[in-house]
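Chemist: Below, each chain spelled out in residue letters.
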Amino acid sequence: MKRFGLQQWLVVLAFVLVVSFTGIFALRAVRRAVYWHRHQDETIRPWMSLGYIARSYGVPPWVLYQALGLPPKAGGPDRRPIREIAREQHRSVEEVIGILQDAIVHARPPYPPPGPPPHLEREPTQGRSP
Amino acid sequence: MSITDQVLSALLVYGLPVLFGVILVCSVGIPFPISLMLVAAGSFVEQGEMKLWQVITVASVAAILGDHLAYGLSRWGGRRVINRLSRRIGVEQNIKQAEALTKRWGGSGIFLSRWLITALGPWVNVASGIAVYPWRRFVVWDVFGEVLWVVLYVGIGYVFSNRVQAIGEILGNLTWVMVGLIVTAILGWQLVKYVRVNEHVG
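If you're matching them up, the sequences are chains A and B in order. With numbering that gives the first Met the number 0, letter number 5 in the first sequence gets 4, and the count goes up by one each step, no holes. With numbering that gives the first Met the number 0, letter number 4 in the second sequence gets 3, and the count goes up by one each step, no holes.
Be aware that one or more of the hints could be misleading.
List of simulated lysine to any residue pairs, SDA-like, C-alpha gap at most 20 Å [unchecked claim]:
hint, chain 1, residue 1, chain 2, residue 2
1, B, K50, A, D77
2, B, K192, A, W8
3, B, K192, A, G4
4, B, K192, A, W35
5, B, K102, B, R87
6, B, K50, A, R78
7, B, K50, B, G154
Just so you know, these hints were derived from the structure itself, not from any lab.
Modelling step: build the complete structure from the supplied sequences, incorporating the hints.
Modeler: Structure follows, in structure tokens:
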């Protein structure tokens, strides 16, 4: 059998490189999936809105609004990403994320459930409760 | 702050125009975290912040328009430049082979690079343009592939609406795994072919 020439060795080298490249990305995908499976929570990112974070972490949105000292919005939920809120409050995004994480921890077991939003206690909805 | 954070923040604040713009430039070949953005759009639909039919229409139109820009530029503008460049660096033969391949596998190549191997999309657009792949067939494969891509990714975002970051990252990695597997198969096949031919000769 003829030996490998330079061209064949280059193909072998490219093959090894591509296999490693594929392996690295496969590993990253699997690692991310395993992490997701173990920790149900998303990492809080600057693009996320308070509504999204509340939903993802399974806590009532008002807990997060209250933690940041924001009044509940009259015209529906606050759609702004937290980086905008941080800018408005002259805080760093990391600081806001820290405050939110703290509020989330205190709204979940073993802490007692946070209950209904404070403003709803003053104006109960009519005929809706069972 | 990462580009992902900026793009997704803009999507949340400005909605459809951002979706349109980002998908358009991505189809031309500028790398943005596009799969994550479509998944995020699906999540925003589920949360009632965007409308499903609007997201699907705008995203599909942007993708198809972007593909056509790249195809058109390569077909009517790029030909001369590529010819001159390939002659100068001596890869004329390779370009001809790529053209032949595109003509033969063009349809399925265009279709698969729209939704399954999205990382190759911009290259396939350029290759199809240079190879003067028939425009009518390009449109058909492109429209089918892009609509499928949009519906698939927005659908995934809709179903996993509270896990956008994780799903987007997994999909982003899997796209590159697909590219890697295809190139691995091609290179592996070349090696096997070489070894077989030499066994017969020797």
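Chemist: All hints, please: hold or fail.
Modeler: Against the structure, the hints:
1. B:K50 x A:D77: 18 Å, holds
2. B:K192 x A:W8: 14 Å, holds
3. B:K192 x A:G4: With Cα atoms ~14 Å apart, B:K192 and A:G4 stay inside 20 Å; holds.
4. B:K192 x A:W35: This hinted pair is violated, its Cα atoms lying about 42 Å apart.
5. B:K102 x B:R87: Measuring from Cα to Cα gives roughly 24 Å; hence the hint is violated.
6. B:K50 x A:R78: Measuring from Cα to Cα gives roughly 15 Å; hence the hint holds.
7. B:K50 x B:G154: Answer holds: B:K50 to B:G154 is near 13 Å, not above 20 Å.
Checked against the numbered hints given earlier, the structure breaks hints 4, 5 and satisfies all the rest.
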